[in-house]
Amino acid sequence: MRLELGHVLIKDVQFGSETKIENGVLFVNKEELVKLISEDEHLASVDVEIAKPGESIRITPVKDVVEPRVKVEGPGGIFPGVLSKVQTVGTGKTNVLKGCAVMTTGKIVGFQEGIVDMTGPAAEYTPFSQTNNVVLICEPVEGLKQHDHEKAVRFAGFKAAAYLAESAKTLTPDTVEVFETLPLLEGISRYPDLPKVGYVLMLQTQGLLHDTYVYGVDAKQIVPTLIYPTEIMDGAIVSGNCVSACDKNTTYHQINNPVIHDLYNQHGKTINFVGVIITNENVYLADKERSSDWTAKIAEYLGLDGVIISQEGFGNPDTDLVMNCRKIEEKTIKTVIITDEYAGRDGSSQSLADADVAADAVVTGGNANEILVLPPMDKVIGSLEYIDTIAGGFDGSLGEDGTITIEIQAITGATNEMGFNKMSAKGF
Amino acid sequence: MGKIKVVHYVNQFFAGIGGEEKADVKPEVREEVLGPGLALKAGLGDDVEIVATVICGDTYFGNNMEEATSELLDLIKKYEPDLFIAGPAFNAGRYGTACGAITEAVQNELEIPALTAMYEENPGVDLYRKSVYIVATKDSAAGMRDAVKKMAPLALKLYRGEEIGSPEEEGYLERGIRKNFFTDKRGSERAVDMLLKKLAGEDYVTEFPMPDFDRVDPNPAVKDITKATVAIVTSGGAVPKGNPDHIESSSAQKYGKYSLEGIYDFTPENGETAHGGYDPVYANEDLDRVLPVDVMRDLEKEGKIGKLHDFWYATVGNGTSVANAMKFGEAIGKDLAAAGVDAVILTST
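Just so you know, the protein sequences line up as chains A and B, in that order. The working numbering applies: residue 648 is where the first sequence begins, and numbers increase by one. The working numbering applies: residue 312 is where the second sequence begins, and numbers increase by one.
A hint or two may mislead.
Stated by the list, open to error - Have a look at the derived ranges for each label pair, beta carbon to beta carbon:
hint	chain 1	residue 1	chain 2	residue 2	range
1	B	T517	A	D821	31 to 41 Å
2	A	G1043	B	T658	33 to 43 Å
3	A	L855	B	K534	36 to 46 Å
4	A	D940	B	K508	20 to 30 Å
5	A	T979	B	T517	13 to 23 Å
I should point out that these hints are in silico values taken from the structure, not numbers from a laboratory. Note that the Cβ used here is the ideal one computed from N, Cα and C, for glycine as well.
Bound-form chain A, shown alone (with noise of 0.2 Å):
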């Protein structure tokens, strides 16, 4: 499967007459974004804001952020199963707005929702403090259950991305890059003397409001599969999470999974990337028993030497994240696992949930406990309202003129578990 992605370079966004492209500027027609989205029933208002690297912004409370994309060249469309009509995607071309992100906010869905500063310390932890956002603000009708509140929000989000990459269609983009997996044999007998390696990419699935769709299949009900990493670059896989807002997998990390580009890097250097093999996170432990033996079988069947395992969430999670990794060094392939901690605000904590020898060789995003202090900013987006509620907030994390101290936890894509940041934690 080869893709063609073409970067589309935004520099900046502002409103304009008609949604449109030109010379690294995005203009969007707020109206008419403002009409599509608000089509669905449940949702009372939209309205649109801009964010732009370095403004006085603060966002809160994030749902999730979308890249937006669109197919150019094969079959299928962007978010397939979603958005698009089921069909695999992964192969031809697609455009990218580069630099642009869609992000939704409103009243809070979850609990666990997060906050994004456009400038200020807690810049330095977000990715989406470099994108330009367009933001989506989405009050839902009276009375609307949370589980319809968070596909209402969900979708808007995909279906404002959508809209906007449209606008890319036929333009040349400034960038290309090619990514190709080839068949599994085809692929292995490519570099016979490189190492075989894979990912294990755990997609978080305990549910009620803690939940990852494939192709639009609710991912608790899956069992491990493979999947050729470009599929997941056109959106095959996206965030349908209501969860602590540093490590959750945005569906933005999700299109642009870090793994998969830096294993990309060294395929046919130092490594042969044979392919993905997703994963859930279920709560039970036979759930949690079978896709770990899955894992672990796939893994063994695809003669893989190595593996990188990158997890979603804490807590329940890291016995998903141990019992993968033990599983796999049992077969005699090679890990190492990303992970992120939860130390306490001093650190000195253990700081996962579970342990194994076999896990001796981790990444980690950072202690998503630390404190930080986050001054008022001119403007915020959304609402301070659930600042003390959120995960990571408490009794007077908001101050009266603003001021917010709260630990890394709130802030979206702090801890990533993937490997998005540069953070990192040591002892000391």
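Chain B: place on chain A using the hints.
Structure of chain B alone, referenced to chain A:
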């Protein structure tokens, strides 16, 4: 500006008073530089003066931790030091524990920077590594030079309130405190790099060393407890009156095995606690509170258990290293199994 005033702590041995036979000497102070203080003085440089050396015997300290600490604090306070240094204790267990305890007390009560130094397997490390800076040393006094080389600069940094670097940079034992920092590579790239090294069999450094979860599977339930021989084992320091084996009050180096023959109830005359980690008054009044022999005898009489085993085993859990605890556990287990014991009740404090 005057010199930086340091008070230094050593035990009876390093003060030149004597060895084990002098380990019961009480806290005292000498306005001179003693033993390792000489090397420290040289290492700390001309801006620093060791104004006094406080001394305590290891046994005295171990048996009277609270009093000894408070007496030592009073002695130290008088000199209004800017900095406090204890040890190095190398691999001397009681000395290490004392160094850790007094360093912690000085840091908390006198609110001045303080540090100590010892070998990484010294039981004092596990007790105090989280609360105080402990410089890593070799296991014997042969490592004095090396120890001082690391202690002096770290002490001065602490005094100046400078940012303390990582354990590797500064030479102290990791305190188990996780701190975030920004690297130059994103996590996914670090993961790929680590995997490449692991695949090639090269050295790599994990970013989070797995904690050692020692999982013990529970045994199946005893089939018929009314026929079972039940033993009682404790880490609560329950020993016969007079502590015949001299089990340490803290950081136990041994356990004891004692006959229950003729004992139906503990009294102030036949039992006491050796444990230095809790108020011993109630245990000494009635040791059944730690080791419930009276209740076990009742159950035995009522036929609810088969028999109370003829011996009890005791050690002190207070600051005892995991390594020692495991060693004791294995030995006790073997002994119990050989004696045909079916079940054990473990009590702690």
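Is 33 to 43 Å a correct range for the gap between the Cβ atoms of G1043(A) and T658(B)? For T658(B) against G1043(A), whose Cβ atoms are near 42 Å apart, the range 33 to 43 Å holds.
Supplied distance hint 31 to 41 Å, evaluated on CB atoms of T517(B) and D821(A): Given a distance of about 39 Å, which is inside 31 to 41 Å, the answer is holds.
Looking only at beta-carbon atoms, does the pair L855(A), K534(B) fall within the given range of 36 to 46 Å? holds, 42 Å
Hint check for T517(B) and T979(A) - Cβ pair distance inside 13 to 23 Å: At roughly 19 Å between Cβ atoms, T517(B) and T979(A) fall inside 13 to 23 Å, so the hint holds.
Beta-carbon spacing of D940(A) to K508(B) - inside the hinted bounds 20 to 30 Å or not: For K508(B) against D940(A), whose Cβ atoms are near 28 Å apart, the range 20 to 30 Å holds.
Against the hints set out earlier in the document, no violation occurs for any number.
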